[in-house]
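Novice: Chains A and B, in that order, are what the protein sequence lines are.
No gaps in the numbering here: position 73 of the first sequence is 292 in my numbering, and each next residue is one more.
No gaps in the numbering here: position 52 of the second sequence is 496 in my numbering, and each next residue is one more.
Watch out, some of these pointers could steer you wrong.
[Unchecked claim] Restraint ranges, calculated between C-beta atoms of paired labels, are given here:
1) A/ASP252 to B/TYR491: 38 to 46 Å
2) A/THR229 to B/TYR491: 34 to 42 Å
3) A/ARG226 to B/ALA496: 38 to 46 Å
4) A/ALA236 to B/SER457: 32 to 40 Å
5) B/PRO470 to A/PRO360: 24 to 32 Å
6) B/GLY499 to A/ALA236: 25 to 33 Å
7) B/LYS487 to A/ALA350: 20 to 28 Å
[What the hints assert, rightly or not] The calculated BS3-like cross-link candidates involving lysine-lysine, where the alpha carbons are at most 30 Å apart (straight line), are:
8) A/LYS222 to B/LYS462
9) B/LYS511 to B/LYS462
10) A/LYS222 to A/LYS259
11) B/LYS512 to B/LYS487
12) A/LYS259 to B/LYS462
13) B/LYS487 to B/LYS511
No lab work stands behind these hints: they were computed from the structure.
All values reported here derive from a predicted model rather than from experimental measurement.
Idealized CB from N, CA, C, for every residue including glycine.
Single-letter residue listing:
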Amino acid sequence: MLKLSRRIETEIRQAGADAYPNECCGIMFGSEDGDDHAVKSLRPIVNARESGEQYHRFLITAEDMMRAELEARRLGLEIVGFYHSHPDHPAKPSDYDRDHALPFYSYIILRVAEGRPELMTSWRLRISREAFDPEPFEIEP
Amino acid sequence: MSVTILIPTALRSFVDRKSEVEAEGPTVGEALANLTAQYPDLKRQIYENDTALRGFVNVFVDGTNIKKLNGLDTPLAAGATVMIVPAIAGGC
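Just chain A, same shape as in the assembly (with noise of 0.2 Å):
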């Protein structure tokens, strides 16, 4: 289960709308309770992939995720997953999510149709990397 609340759910939106025709990208922080992550607050990147490729790839480099690392433990906080949006494709994973992301993480996906943001969902993938499944989230006022 993934808990945000509805601010964090805007900001996931707005930066979605922002970053059309191409893709947006953040790092949430937060704390895990068991198999539970809540988000406490988001940490926009600027996408690391090149301009012609963002309008259907993100990166977040390195260095990014070393400052982002740090950060969040400076705040007593845990890198719980990660955030992007889907630019007239569908809210979930391609093959290419899958090959890049890491068991443990919480990935959201929002689909972004002609520049309105639309289903946002979250994946989880699993341990031997074969797919990602759903993940339930919950959103508090």
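Here the structure of chain A is known, so what remains is to put chain B in place on it, guided by the hints.
Specialist: Using the frame of chain A, we list chain B on its own:
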């Protein structure tokens, strides 16, 4: 020579849920070998084979990516901080 290795959240389940682990070794490669000897389940997560790290696995020594230094042969000073950091990618 002892160094501190910081573990990202995604890999903590392979190191008894610890966020950092002490390891011994004069180079990054030897410190990681010592780490994975302590926690064998971690090895297949970060290594492509016996000698090469997986493509998405990056290692920083005191804030500098070892790709800009001498890779796994990068020497470690006593008390150095080593971070294992995944790069994250995806798309539709």
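Novice: Which numbered hints does this structure break?
Specialist: Those not satisfied are hints 1 and 5.
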